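A.B. asks: We have chain V already, so just place chains W, C and R on it with the hints.
4 protein chains.
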Amino acid sequence: MKIVNPVRVRKGMKVADLVSEMAASGVMGAGKIAKAVDIMEAMIRDKGCKVFLGMAGAMVPGGMKEIVIDMLRHHYVDVFVTTGANLTHDMVEALGHSHYQGDAHADDEALNKKGIVRMYDSYMPNKAYEDLEDFFEKHFPELQRASDVREFLWKLGSLVPKGKDSLLRTCYEEKIPIFCPAISDSGIGLMIWGQLAKGKKIDVGMFNDLKEILDIAWTAKQAGVIYLGGGVPKNYIQQSMQFSPKASIYGVQITMDRPEPGGSSGALLKEGISWGKMHPNAHFVDVVSDVTIALPLIYGALKDRLK
Amino acid sequence: MKIVNPVRVRKGMKVADLVSEMAASGVMGAGKIAKAVDIMEAMIRDKGCKVFLGMAGAMVPGGMKEIVIDMLRHHYVDVFVTTGANLTHDMVEALGHSHYQGDAHADDEALNKKGIVRMYDSYMPNKAYEDLEDFFEKHFPELQRASDVREFLWKLGSLVPKGKDSLLRTCYEEKIPIFCPAISDSGIGLMIWGQLAKGKKIDVGMFNDLKEILDIAWTAKQAGVIYLGGGVPKNYIQQSMQFSPKASIYGVQITMDRPEPGGSSGALLKEGISWGKMHPNAHFVDVVSDVTIALPLIYGALKDRLK
Amino acid sequence: MKIVNPVRVRKGMKVADLVSEMAASGVMGAGKIAKAVDIMEAMIRDKGCKVFLGMAGAMVPGGMKEIVIDMLRHHYVDVFVTTGANLTHDMVEALGHSHYQGDAHADDEALNKKGIVRMYDSYMPNKAYEDLEDFFEKHFPELQRASDVREFLWKLGSLVPKGKDSLLRTCYEEKIPIFCPAISDSGIGLMIWGQLAKGKKIDVGMFNDLKEILDIAWTAKQAGVIYLGGGVPKNYIQQSMQFSPKASIYGVQITMDRPEPGGSSGALLKEGISWGKMHPNAHFVDVVSDVTIALPLIYGALKDRLK
Amino acid sequence: MKIVNPVRVRKGMKVADLVSEMAASGVMGAGKIAKAVDIMEAMIRDKGCKVFLGMAGAMVPGGMKEIVIDMLRHHYVDVFVTTGANLTHDMVEALGHSHYQGDAHADDEALNKKGIVRMYDSYMPNKAYEDLEDFFEKHFPELQRASDVREFLWKLGSLVPKGKDSLLRTCYEEKIPIFCPAISDSGIGLMIWGQLAKGKKIDVGMFNDLKEILDIAWTAKQAGVIYLGGGVPKNYIQQSMQFSPKASIYGVQITMDRPEPGGSSGALLKEGISWGKMHPNAHFVDVVSDVTIALPLIYGALKDRLK
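Chains as they are written, first to last, in this note's numbering: chain V, 10 to 316; chain W, 10 to 316; chain C, 10 to 316; chain R, 10 to 316.
Here chain V stands alone, though its shape is the one from the complex (with noise of 0.2 Å):
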């Protein structure tokens, strides 16, 4: 049995340091920290392992999006899965608008009548969605073709502006295919929604592209998984582990949410194991953390250790 070993902060210590303090700690949230690192390393360095990360909950207006598209950009990710929210508010941010630091205690009758919008601490002035709304009628023609999500996102991807930073733009970029099961639950649906309320049509089927990722996971000699909340984006994930001939091997999972009321958002990546979505050898942990919190840290010492 391995010693915990008290964590010991030094001055001028690095992200790195930190979390090697942490694995010679090796307990509680603080050990789990450090095997996230590991486990990510792993499957970054696995040359035969497709990484899919799943990613929910407020993450571009919670400031997570610059590290994710730094995973996409040296593509420590393979297949990237996530919200209509979070692809919405990457595209109001793309087209110049910002997120803002507000108050989670907020009046919100007031905000409403600023034309501000609230998720939790973090603002976005309503007149954002005026800029999408043009967007879309000016883009709809070269998006109604698309005959799946995957496709759509990356027809998206590549009308964003280029040089901003954004998680569409990367993966039209870098060819990380780009999945959103219930992208019409978002306000992208709603513009696409507005386009077909004039009368237009578009050509996205709902089950088109399940081909595609459950190809990738079905080819894939190995498979990770990297969960940053739950939700459909982890869901879908899991659900094509079960087509991946050794389901996946190596898992991450940060979340909030308790595994006790039993919706999978929650549920521990042991769970997988029973569907075959988690082999059972996998190299996996559940860090129970805010990932706002967690996710730099982890990513932080990660940087150190890739190249």
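Just to be clear, a hint being listed does not mean it is correct.
Put simply, identical chains are the same to the list, so a pair is met inside one copy or across any two.
[Stated by the list, open to error] Cross-link-like lysine to any residue pairs, in silico, SDA-like; alpha carbons within 20 Å at most:
(1) 209 / 156
(2) 11 / 123
(3) 173 / 12
(4) 20 / 84
(5) 210 / 224
(6) 123 / 251
(7) 147 / 164
(8) 123 / 12
(9) 210 / 156
For the record, the hints were derived by calculation from the structure and aren't laboratory data.
Small disclaimer: the values here were computed from a predicted structure and weren't measured.
C.D. replies: Relative to the frame of chain V, chains W, C and R by itself:
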């Protein structure tokens, strides 16, 4: 100010009387349960009010199906939005299979070998999927021409064996619009993929039923929302509320998710006021509870009050 | 394996019948509620079993006083351990004051100016403390010679006005040993300090009543534990269980605290097996719920079953 | 309004720079971490400010001992309040034993047979208690005449082997008042009971050190509070703040406990304003995190800023 009258429990007490005691106490979780009953009663009694029910999490494996069916049968609910997983589990039961009382700390590898999948402490035999496959193989011609998910789900409901308690069947029979924006992210999705893999085609479009839910919201004199868990079902209803003339004026949310990480699932209903999803003067309550505890309690009291 | 029979709710349903439905469902939170009733019934019916009840959190301001008093009056509980805060609030009510239904999002500065203190959404007028001061000024001579906290608390219970519903009074009248290891950390502690500041002395020793609770544990043929919240009350009982010949063989815990941070409050009962606090074959359940929701529900069913 | 600048992570990044990125993001958990560093820096730099540190939960078994010792050695902290369990584990390590990295899902019966006790995923060999017994047997004469817990703990600290990293030893050497209102609820309490069972006597009074902590609060020009977890340590400091002329004007709380059940452990710091425990204009933040994740991160940045 009202006094906190401690909850008094008597022998042979009815659920409705217990909730009255909770109302007299009026604070903490008990007070919120009582408030939820009041608000649900009000929204159901309000003739001009359209009630939108969102349901996420393992509600069918968690034994909540009959309560929701009862709500649908009595038309306490006008619009139903749920996850593909719940509809898959609903079909599994409608086709004659069951979920089983299991162990949250089970040996998942052993379960896997026995062909049992686990959702926390609820089990399902994997062979249920075989019957699902046969069902979709047989009925695909009737399903493939649905133009949107709402239509697809009613069609599915019409095909489910009559006389079985089923969410899908009930929505079909009672003509209650049912939405599932991420239907491809579920066993049902996989069944459709199985058909597409054989070269068949399906028409179901991604964005097509947005018009329907937004029209219902738009034409509602009043709107009320009930959220069992968060996820896409909650968010899909929430975004439609922005288009309802008065936003929602009643709201009940039951979830264990926390607000602090910033995601939609755990967001307090109050946040919706900034978005125009919730009316500033709305009656609403956030119940922090496992749905399988709070819902039976709330519904037990509600049944007594409604005619 | 038992089937998950979905919970069915009927008009005019009794609490006990609702819990029977939860038992038939048998999974998630509902299943745990039903199991808690079974285990509490078993430990109360078991003639040789000493039942230890630990209560932490804002249970008196949260309206749970009468249920606990009912448990004490019926001698369902043999040993009671709680926090100084709960006993202070119990005294406040026994002296004729009330708690009030408030607002968890209140303007705390405004409350402070009005002389109202807040516990989440339960309010207490500050002037209650004045009566407490008078009480302790008057009765100090009777209290100061208590040699340990248990004796101090029975003495305090004897001085509380008769006929008032009070935890302290009930323990005194029913001769139920009551422990409060951190009594100095409470309004009662401050009242004693107020007396000491006037140069008075008090004999109450820190370690003296340990012998009493350990003797009860040691001589119990069987032991059962019920934890409403965690904190010192849970831990104080847990440590005594190490000295009970069979450890506890029944256990019910109700808390919202999570196990992952590693503290005693959120620790699963199972962990106690490693310590010898819980018997390896014990019947126990961890209910993840707000106590003010779960306890009335559990106790409503339990009352019907007992006698 | 300040823009949410997404967190950017660089190779070789220092902890302090990562926290600066979190500050630039400024929202969700990351924003709170950054705010916690600012507030802790401010309270430590404020010459007239007395800093009260409360620590609950399995912090010593969880590897947080050295960070707290570092804070004590540098006199960043003026008053320390903790649990008996943490002090017991501190003594265990000071006497040469270790905690070990274990498994939260271990077979607890097997652990029990091996003489290993478990705190989540941290293990301790039971035989550590034998050395504790010898220690208390040997040193009881020096301990028994302490009149209050604070004095008892300094005496204990003086007896702990020199040169060992120990919270108790550090408080003694640095003359930092250390309080533990529920000391009888711990392994140390059991050791004392073991001595009393042999007919020995001890003078330590229950209420005697209240005067000391209240005097420190009363005479403080300014006060700041830091809570690692809740429980008695938090509450004991909070009640002393009512006696500080300006209440606390700085506050940092790190806990996973939720506010909704109403207990003190999960209560937001803001609630303290109603009680006069927190100044209405105080700088404070509630960090929702496992302490073992947040504290090293916060302290890593703080060390860089101080001196």
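A.B. asks: Hints the structure violates: just list their numbers, smallest first.
C.D. replies: Per hint list: zero violations.
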